[in-house]
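Colleague: The lines below spell out each chain.
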Amino acid sequence: MSAQKKTPLPAILLANALLDGDVVFRTASGWSRDPREALVAEDEATANRLLDEARAAFARNEVVDADLVDITRDEAGVPVPNHFRERFKVKGPSHRPDLGKQAEFGVR
Amino acid sequence: MSLLDRNGVKAEIWSREAGATPRIVPFAELAEALSGNQPVGVEIANTVRLPELEPHFDRLALIAIIFPSFSDGRGFSIAKSLRNAGYRGTLRAVGPLIADQFAYALACGFDEVELPPDVASRQPVEIWLAAARAFRATYQTSHQTGGQSILEQRRAARGIQR
Amino acid sequence: MYRYDEFDEAFVRERVAQFAWQVKRRLDGSLTDDEFKPLRLKNGVYLQLHAYMLRIAIPYGTLSSRQLRQLALIGEKYDRGYGHFTTRQNLQFNWPKLRDIPEILGLLADVEMHAIQTSGNCIRNVTADQFAGVAADEIEDPRPVAELIRQWSTLHPEFDYLPRKFKIAVTGAPQDRAAIAAHDIGIGVVKNDAGAVGYRILVGGGLGRTPMIGKVVRDFLPKADLLAYLEAILRVYNLEGRRDNKYKARVKILVHEIGIDEFRARVEAEFAKLDGPTINADPEEVARIAAYFAPPAYEKLPPVSRAYEAMKAANPAFAAWAEINTFPHRQPGYAAVTISLKGIGEAPGDATSDQMCAVADLADQYSFSEIRVTHAQNLVLPNVKQADLFALWQKLGAAGIAEANVGLITDIISCPGLDYCALATARSIPIAQDLAKRFADLDQQRNIGPLNIKISGCINACGHHHVGHIGILGLEKRGAESYQITLGGDATENAAIGEIIGPGITAEEVPDAIERLVSVYLAERQAGETFIEAVRRLGLAPFKAAFTKEAADVAA
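Residue numbers (this note's numbering), protein chains in the order written: chain G, 3 to 110; chain Z, 6 to 167; chain A, 29 to 584.
For reference, chain G alone in the conformation it holds in the complex (with noise of 0.2 angstroms):
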């Protein structure tokens, strides 16, 4: 968890459930694996807020890794990461269209 590198807003928390691996999503009331469903924090007491539930949610066995990410809504609104790594991780293997989100979810 990186809560001393400054995420640039809009962002949204990712990270993966312990033990199934699957990346999981911060909302407005748990974890989803939709990324649609992610909580957008606008401004910095949202994203402190989902910092702190992410320290409750390792603390609690729920995930691993969790980490706050800078995105863009796109036409739909939906989240999408600003760095390529973390579009990746949220859309699943690039040349396997088949898996990841991009297939359960039409992630794009």
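A couple of the hints might just be wrong.
The calculated lysine-lysine pairs, modelled on BS3-like cross-linking and capped at a C-alpha distance of 25 angstroms, are [claimed, not checked]:
1) G:LYS103 with A:LYS125
2) A:LYS105 with A:LYS193
3) G:LYS8 with A:LYS505
4) A:LYS65 with A:LYS274
5) A:LYS572 with A:LYS505
6) A:LYS243 with A:LYS193
7) A:LYS276 with A:LYS65
8) A:LYS274 with A:LYS105
9) G:LYS103 with A:LYS105
What the hints contain is simulated information worked out from the structure, not anything from laboratory work.
Based on the hints, put chains Z and A in the right spot on chain G.
Modeller: Leaving out everything else, chains Z and A in the frame of chain G:
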């Protein structure tokens, strides 16, 4: 619990306090401690090497080797080198080892482990004793604690067949 | 091949139980995440971008059909129906769940397999020549000694918390097919002047951030002394290897900083002190292991099969495949067959569960139920009768794995890169796919001849780019993927590190850039000269000029 050996929790008889007896002294004070006639224990960083200790083997009742973190495995090789060189006193591993390393520590020649309180409270002694028994036999003939290595057991089995 | 006895069997079962217990302790809080991480890594469990990854050990690249079928089943049941063979002859599954891994390890134990020490700062799975035991040029089969090292290095009490990972490779032949000079320790079987067989020991090779070619630490080591000598090397490294900076922690840096002569002096001093018989395996144990690697029941055949020759004459596509994908066997009438996992446009080294089952069936039918994995991410059927090659080729074709490109420009080594790997800085697989499509024409490939392209998606160099004739390294440059091209690397007994030939380029520019380099070779080569030989003779200048011209064209 902060001190344990292969049988479980162990009572601490050593102290690091100045003037106490018997006392574990820092390596820097070893020469001074050796000039007295009390049993001497010394605590070393894992950068201290065999030649600095070998001349004093018969005066050193205990050598405590510091593990700065559980992932720094130099202490295992220092212990094994001390045993290979004939050191027969007590070898103590000091630091935040994890229970899964207990069998390794014993196999490299350590007698006991001194843990910081937070590790000791998360990993109670039952876990350490169970972890030490995770494998009935291992492959390295040169690193054994009492039992026989798999290679020796195979040899024994061949002897029976003959 | 080696079979577990009751001790090996009990040992891997106990290892499975130990890992299940470690997971439980991670969840109940007695192990912190930091404490659990090296424990899971030493059972091959990584956390990647999308999911966990499980890396399964295939010791010295040797598999039985039964084992391969079990891997196929695991892929089907716990993963997404495919696996990835790696440059260290292992198999990776990309999507397992941590909660399932103890069960998967149990299934592996059922077929005498494990994932022990496929990651972490310990002695990794030992690798060897994929043609061990069948190569015509072999001095001695390296598999028995590789198995001996596997057992000795498994949960070694002293060497499980080393400064950094430690890789050992063995070859039994003068032609090095195991890239031993790129390993922390490389072991080559040699014969001395007296005719005795022993080992030549290289130390301090490795790729990654600071690529180094291994240096000779001992020219001739009597076979009986091997484990004691390894123990001496490992002890010196464990005590003296740097731990202040993970990028300087490999043994190659220690050897480089103190010099090979000083390193050798320290190893020899330690070795002289050791009580060899308590460390080395006794001759009966060595013989017990070696007996498992006795040659299979070969038929007595003429050196050349007339039926095979007739089939080649009648079918040029088969003849091409047979010429490119078979390797001379020391048993008359047999061949070792490489099954390419580099189908044009496929991810290098990937095999579906169906393909794994098909290969297992073919191994049963044609190759004494044995399969090998190569460090170039292909599979091998080591013992095929020449007369069976045509039928085998047809069945491989039906399974979609009859690509005739072994050792050619489309037989590309590639790490998983940023499509899976959390450490990657750029993608590798799509680069390999684009290049394979660009050079798909078999006549063109054969005209170009032997050429190894190796691609890594980050500086850690899992794709061995430093020792590719052409190496491609994916990096991040100003928020985008960028690829650095090296030339002149070699992974064989002529090991060399490639040199960077120009500024980084985009993924789209890679195929043109490589084609330009190949054109220089085609224009300048002398009769019978391979790409790497031409690079050595010509130097980098003409290639750099062609590469830079292209970069300039793109800019303009």
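Colleague: Look at each hint and say if it fits the structure.
Modeller: Results of checking the hints against the structure:
1. Between LYS103 (chain G) and LYS125 (chain A) the CA atoms are separated by roughly 16 angstroms; this keeps the pair inside 25 angstroms, and the hint holds.
2. A hinted pair counts as satisfied when its Cα atoms are at most 25 angstroms apart, and LYS105 (chain A) with LYS193 (chain A) does not qualify at roughly 31 angstroms.
3. For a cut-off of 25 angstroms, the pair hint linking LYS8 (chain G) to LYS505 (chain A) stands: about 21 angstroms separates their Cα positions.
4. The hinted pair formed by LYS65 (chain A) and LYS274 (chain A) meets the criterion: a straight-line CA distance of about 16 angstroms does not exceed 25 angstroms.
5. Restraint check for LYS572 (chain A) and LYS505 (chain A): satisfied, since their Cα atoms lie roughly 21 angstroms apart, inside the 25 angstroms limit.
6. With a C-alpha separation of about 18 angstroms, the suggested pair LYS243 (chain A) and LYS193 (chain A) falls inside the 25 angstroms cut-off, and the hint holds.
7. For the hint linking LYS276 (chain A) to LYS65 (chain A), the alpha-carbon distance of about 21 angstroms falls within 25 angstroms, and the restraint holds.
8. With a CA separation close to 37 angstroms, the supplied pair LYS274 (chain A) and LYS105 (chain A) exceeds the 25 angstroms bound.
9. Annotation: proposed proximity of LYS103 (chain G) to LYS105 (chain A) holds, straight-line Cα distance about 20 angstroms (limit 25 angstroms).
Of the numbered hints stated above, those contradicted by the structure are hints 2, 8, listed in ascending order.
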